[in-house]
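K.L.:
Residue strings, one per chain:
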Amino acid sequence: GQQVMQIPQYQHVQEGEDFTTYCNSSTTLSNIQWYKQRPGGHPVFLIQLVKSGEVKKQKRLTFQFGEAKKNSSLHITATQTTDVGTYFCAGGTGNTPLVFGKGTRLSVIA
Amino acid sequence: DGGITQSPKYLFRKEGQNVTLSCEQNLNHDAMYWYRQDPGQGLRLIYYSQIVNDFQKGDIAEGYSVSREKKESFPLTVTSAQKNPTAFYLCASARQGRSPLHFGNGTRLTVT
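Protein sequences appear in the order of chains A and B. Each residue of the first sequence is one higher than the one before, starting from 1 at the first, in our numbering. Each residue of the second sequence is one higher than the one before, starting from 111 at the first, in our numbering.
Mixed in with the good hints, there may be bad ones.
[As the list claims (entries may be wrong)] Here are the simulated BS3-like pairs of lysine-lysine, each with C-alpha atoms no more than 27 Å apart in a straight line:
#  : chain 1 : residue 1 : chain 2 : residue 2
1  : A       : 70        : A       : 56
2  : A       : 102       : A       : 57
3  : A       : 70        : A       : 57
4  : B       : 193       : B       : 119
5  : A       : 36        : B       : 119
6  : A       : 36        : A       : 57
7  : A       : 102       : B       : 119
8  : A       : 51        : A       : 36
9  : B       : 119       : A       : 70
10 : A       : 59        : A       : 102
11 : B       : 167       : A       : 102
12 : A       : 36        : A       : 102
13 : B       : 180       : B       : 167
14 : A       : 36        : A       : 56
15 : B       : 167       : A       : 36
16 : B       : 193       : A       : 102
17 : A       : 51        : A       : 102
18 : B       : 124       : B       : 181
[Unchecked claim] In silico negatives: residues of chain B with every beta carbon more than 12 Å from chain A:
#  : residue
19 : 123
20 : 160
21 : 162
22 : 163
23 : 166
24 : 169
25 : 173
26 : 175
27 : 177
28 : 179
29 : 181
30 : 185
31 : 193
32 : 194
33 : 220
[As the list claims (entries may be wrong)] One side of the interface only, derived from the structure: several residues of chain A facing chain B at Cβ under 10 Å:
#  : residue
34 : 6
35 : 8
36 : 39
37 : 41
38 : 50
39 : 53
40 : 55
Since the hints were derived computationally from the structure, they do not count as laboratory data. Everything numeric in this text was worked out from a predicted model, so none of it was measured. All residues carry an ideal CB built from backbone N, CA and C; glycine is no exception.
Isolated chain A (complex conformation):
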């Protein structure tokens, strides 16, 4: 079945450093979604990408969808302590439910 791999599993950064998490699918995706889960909380939707090569920005966050629609990345510029949490990608194909990556847990050291 479809698999979504996400790396790294953990990332510790100094406040102000950049951060990137990568997501790779075993199959071509119709869309990819990104979620953030704060410690002790629930996942919250960040963004959805549907087009090949698409790039979207939300303030310091930049999301990319690969040309082949099999990989994606989330880049945070100049991390802040409010960025702490686990970031999940989730890939969709057709009408089947999203398949989640295992997430990247980000720690930010002030």
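Place chain B on chain A using the hints.
P.N.:
Relative to chain A, chain B alone:
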């Protein structure tokens, strides 16, 4: 305020007992989902429903059961057949299959 409500937040049960987790949404969403989250495992799909009176097994359905008698409600029963039931359970809803998921606050189940 529209949202998705899970109750209770914490649940403790003895081994061998069935337990039902509640999930209610007032977002008028067609699709509802149950996920299980274990440390380092991400979110794994237990069951999902895209329409009332119909539901499908996810990747880890063994030991669980669901019903979808009303659009707003999608309760999950953790049966005594589930070998490792202690986990964080998340319910989610979506307008339709490809739409973004809205998650509830989760229920942390501990079985001893």
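K.L.:
So is residue 123 of chain B really clear of chain A, every C-beta pair being over 12 Å apart?
P.N.:
The claim holds: residue 123 of chain B sits with its nearest Cβ about 22 Å from chain A, beyond 12 Å.
K.L.:
Does the alpha-carbon distance linking residue 119 of chain B and residue 70 of chain A stay inside the 27 Å limit?
P.N.:
Not OK: residue 119 of chain B and residue 70 of chain A at ~36 Å, beyond 27 Å, violated.
K.L.:
Please work out if residue 193 of chain B and residue 102 of chain A have their alpha carbons no farther apart than 27 Å.
P.N.:
holds, 22 Å
K.L.:
Mind checking the alpha carbons of residue 51 of chain A and residue 102 of chain A for me, to see if they're no more than 27 Å apart?
P.N.:
holds, 23 Å
K.L.:
Minimum Cβ distance from residue 55 of chain A to chain B below 10 Å?
P.N.:
violated, 19 Å
K.L.:
Minimum Cβ distance from residue 8 of chain A to chain B below 10 Å?
P.N.:
Cβ of residue 8 of chain A sits 12 Å from chain B, so the hint is violated.
K.L.:
Verify the interface restraint on residue 41 of chain A: the C-beta must sit less than 10 Å from at least one C-beta of chain B.
P.N.:
holds, 8 Å
K.L.:
So if I understand the rule, the pair passes when the alpha-carbon distance is 27 Å or less; does residue 51 of chain A with residue 36 of chain A pass?
P.N.:
holds, 21 Å
K.L.:
For a C-alpha distance cap of 27 Å, please report whether residue 59 of chain A and residue 102 of chain A respect it.
P.N.:
holds, 25 Å
K.L.:
Taking 27 Å as the top limit, are the C-alpha atoms of residue 102 of chain A and residue 119 of chain B close enough?
P.N.:
The given pair, whose Cα atoms are some 23 Å apart, holds under the 27 Å limit.
K.L.:
According to the definition I'm using, a residue is off the interface if its beta carbon is farther than 12 Å from all beta carbons of the partner; does residue 194 of chain B meet that for chain A?
P.N.:
Holds, because the least Cβ-Cβ distance between residue 194 of chain B and chain A comes to about 18 Å, which exceeds 12 Å.
K.L.:
Residue 36 of chain A and residue 57 of chain A were given as a pair; does the straight-line alpha-carbon distance stay at or below 27 Å?
P.N.:
holds, 15 Å
Violated hints, in rising order: 9, 18, 20, 23, 24, 35, 36, 39, 40; the structure is consistent with all others.
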